[in-house]
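Number of protein chains: 2
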Amino acid sequence: MDYKWNDKQYLNIYNRYKVDIEKRFKIFDRKKFPVSVYDPINYVLSIGGKRIRAILTLLACEAVGGRASIAMDAAVAIEILHNFTLVHDDIMDHAELRRGKPTVHKKWDENVAILAGDEMIAQAYHILLNTNSTRIKSILDVYTDALVQVCEGQGFDKEFETKQSVSIEDYFMMISKKTGRVIAASAEMGALVGGGSDAQVVALRKYGESLGKAFQVMDDLLDINGSTEEFGKKIGGDIQEGKKTFLLLKAIEKSKGRERKILKSIVPGSVKSENEIRQIKYIYINSGAIEAAQSEVKQSTLRANRMLGRLPESQAKSMLLWLSSQLLDRTS
Amino acid sequence: MDYKWNDKQYLNIYNRYKVDIEKRFKIFDRKKFPVSVYDPINYVLSIGGKRIRAILTLLACEAVGGRASIAMDAAVAIEILHNFTLVHDDIMDHAELRRGKPTVHKKWDENVAILAGDEMIAQAYHILLNTNSTRIKSILDVYTDALVQVCEGQGFDKEFETKQSVSIEDYFMMISKKTGRVIAASAEMGALVGGGSDAQVVALRKYGESLGKAFQVMDDLLDINGSTEEFGKKIGGDIQEGKKTFLLLKAIEKSKGRERKILKSIVPGSVKSENEIRQIKYIYINSGAIEAAQSEVKQSTLRANRMLGRLPESQAKSMLLWLSSQLLDRTS
Numbered sequence: 000m001d002y003k004w005n006d007k008q009y010l011n012i013y014n015r016y017k018v019d020i021e022k023r024f025k026i027f028d029r030k031k032f033p034v035s036v037y038d039p040i041n042y043v044l045s046i047g048g049k050r051i052r053a054i055l056t057l058l059a060c061e062a063v064g065g066r067a068s069i070a071m072d073a074a075v076a077i078e079i080l081h082n083f084t085l086v087h088d089d090i091m092d093h094a095e096l097r098r099g100k101p102t103v104h105k106k107w108d109e110n111v112a113i114l115a116g117d118e119m120i121a122q123a124y125h126i127l128l129n130t131n132s133t134r135i136k137s138i139l140d141v142y143t144d145a146l147v148q149v150c151e152g153q154g155f156d157k158e159f160e161t162k163q164s165v166s167i168e169d170y171f172m173m174i175s176k177k178t179g180r181v182i183a184a185s186a187e188m189g190a191l192v193g194g195g196s197d198a199q200v201v202a203l204r205k206y207g208e209s210l211g212k213a214f215q216v217m218d219d220l221l222d223i224n225g226s227t228e229e230f231g232k233k234i235g236g237d238i239q240e241g242k243k244t245f246l247l248l249k250a251i252e253k254s255k256g257r258e259r260k261i262l263k264s265i266v267p268g269s270v271k272s273e274n275e276i277r278q279i280k281y282i283y284i285n286s287g288a289i290e291a292a293q294s295e296v297k298q299s300t301l302r303a304n305r306m307l308g309r310l311p312e313s314q315a316k317s318m319l320l321w322l323s324s325q326l327l328d329r330t331s
Numbered sequence: 000m001d002y003k004w005n006d007k008q009y010l011n012i013y014n015r016y017k018v019d020i021e022k023r024f025k026i027f028d029r030k031k032f033p034v035s036v037y038d039p040i041n042y043v044l045s046i047g048g049k050r051i052r053a054i055l056t057l058l059a060c061e062a063v064g065g066r067a068s069i070a071m072d073a074a075v076a077i078e079i080l081h082n083f084t085l086v087h088d089d090i091m092d093h094a095e096l097r098r099g100k101p102t103v104h105k106k107w108d109e110n111v112a113i114l115a116g117d118e119m120i121a122q123a124y125h126i127l128l129n130t131n132s133t134r135i136k137s138i139l140d141v142y143t144d145a146l147v148q149v150c151e152g153q154g155f156d157k158e159f160e161t162k163q164s165v166s167i168e169d170y171f172m173m174i175s176k177k178t179g180r181v182i183a184a185s186a187e188m189g190a191l192v193g194g195g196s197d198a199q200v201v202a203l204r205k206y207g208e209s210l211g212k213a214f215q216v217m218d219d220l221l222d223i224n225g226s227t228e229e230f231g232k233k234i235g236g237d238i239q240e241g242k243k244t245f246l247l248l249k250a251i252e253k254s255k256g257r258e259r260k261i262l263k264s265i266v267p268g269s270v271k272s273e274n275e276i277r278q279i280k281y282i283y284i285n286s287g288a289i290e291a292a293q294s295e296v297k298q299s300t301l302r303a304n305r306m307l308g309r310l311p312e313s314q315a316k317s318m319l320l321w322l323s324s325q326l327l328d329r330t331s
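As you go down the protein sequences, you meet chains S and R in turn. Per numbering that gives the first Met the number 0, numbering of the first sequence is gapless, rising by one per residue and ending at 331. Per numbering that gives the first Met the number 0, numbering of the second sequence is gapless, rising by one per residue and ending at 331.
These are calculated hints, taken from the structure and not from any lab test. Note that the structure is predicted; figures quoted are calculated from it, not measured. Glycine included, C-beta positions come from ideal geometry on N, C-alpha and C. Be aware that one or more of the hints could be misleading.
Stated by the list, open to error - In the PhoX-like style, the derived pairs of lysine-lysine whose C-alpha atoms are separated by at most 20 Å in a straight line are:
hint : chain 1 : residue 1 : chain 2 : residue 2
1    : S       : Lys233    : S       : Lys105
2    : S       : Lys162    : S       : Lys233
3    : S       : Lys162    : R       : Lys233
4    : R       : Lys136    : S       : Lys136
5    : R       : Lys162    : S       : Lys31
6    : S       : Lys49     : S       : Lys280
7    : R       : Lys280    : R       : Lys233
8    : S       : Lys242    : S       : Lys280
Claimed, not checked - Okay, the calculated bits of chain S under chain R, using three or more residues with CB under 8 Å as the criterion:
hint : segment
9    : 30-38
10   : 82-92
11   : 103-116
12   : 121-130
13   : 155-167
14   : 259-265
Said to hold, decoys possible - Label pairs and their in silico Cβ distance ranges:
hint : chain 1 : residue 1 : chain 2 : residue 2 : range
15   : R       : Ser164    : S       : Glu95     : 31 to 39 Å
16   : R       : Asp197    : S       : Ser196    : 36 to 44 Å
17   : R       : Asn11     : S       : Gly64     : 23 to 31 Å
18   : S       : Lys22     : R       : Gly99     : 47 to 55 Å
Only chain S is shown next, with the shape it has when bound in the complex (with noise of 0.2 Å):
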């Protein structure tokens, strides 16, 4: 049998499973008190998002052969991490803007979103446990090591804000940590809900990871390539920031003399107007690093596909093959 749509068709496969998620947040609507919690987690929980990291994990239990449904609190507890994240990383970037809404710390102050964020680990865990599974406990190491991970992710990523020598090498440990690890876990815990072998499950984990890697270098692109209003942050955000991007190590190493020196020269709060952003966007494709990160979003995305060649052909094979070729393209 053959599963191929055209992308109208996946499209609407995939919204099908976005629904079903996005009800099942709703389990939030009846916990009210304290309001200064659940109010903030109801808000980050519906101002949408692509559930990307749910779908995995939903896509992952029927590629291996399981129905999505038994791994549904699974996706729900990975995409409710995955938003965890969001609100904290947000107060420590001093963020205004997520998902083109105010982030929860400039809505209600940083008190409210550190305790939200609190929170939402606590009931991400507390969801995570109503899997009917009898590899729970291996469920709970791989999202457990996916929450150790993405934590020292953002360490690392803020300490890289002020490091001058940051490698390429670096960066990518950083990402597999901060992006990565989280990306991966959702396709594993699938096939681990599923029923998949063991390695099925490896094939699923580095999916997962190769598709992660070329979503973040994807994302350090549409900082400097997106709209704001499609993206839902600030375009040249990282840049501000002082953030140690694909785009911004890449451009160092390909440049050299007073362009180099203005690449090297930036921390975090020293580029401020829009008219310094657009001269690092164009040392960025002068030096060739738009186009470096755009091969290298290609080749993640093609050793990801690769990794699903041991699984059987299925609907969700189909769709996770159409994820990843989705992400090419991808505007926010």
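Once you've looked at the hints, dock chain R against the given chain S.
Chain R only, in chain S's frame:
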């Protein structure tokens, strides 16, 4: 066999448990990077503390017939959870001192304190998952519920600061979440790991609940009666932060006229000078609020100890009874 010792002997046994637990914290010495995450975690775990929650877990395990060592991971996990709450609460409360040392957000900054706290939750789950028990699912449920509740309790605590009408029932609800649940979970998890019967598990949970209540009211008393040196926190801090403590609510209930008006006008930051704090302490004494708090501590302690009735005599049970009585005289 009789298990009665003098205070010095009890204290020796207590300190042996404490040394064992603190040895286990050394695992973080090996985790070095990112330094901005693990340095503050090591700092928090090295500046002392009574380790009462961890020791409760070990004692509860022994009291139902288990070896303390099998509950060590659960004990360390609950102690780290407790320390995580201190790190995040101290940010929210703008506290400068903890255990007589600068708080994490003062020694480093708020970003570091947020992230170190997050990583502490992650590491605590990681350690808890090492527990070798057929009841691991129940243990995780109890632990996760404690995390859910402690965050809710902190939410209520912060909301109450600026809320005009908080009843003593509201206060007890808040502290049962903020303090009681973690202490109850400490004992309950120990009983679960140790293989206690359902009745024993419930008895030890209830022991923890009552002990937690006594513990928090005692904390409220120490805020006004203690010395900064021993208590390790600023005396009168609760009043300055506008906390709705048992003392304040009881004093409002029991006073009238000008004194009542003074108490009801306290909001976060409205009381600054030591003179004002002294004046409020005077109202607390005069209204009988201090006496009521002392009586509450005593009653809750007795209730806790009654719960131990159905446990067989043992060194651990004797220690648990001694622990509660120690509460009545604690100065830190």
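Inset, instruction - Give me the numbers of the hints this structure contradicts, sorted from smallest to largest. - result: Numbers 2, 3, 6, 14 and 17, in rising order.
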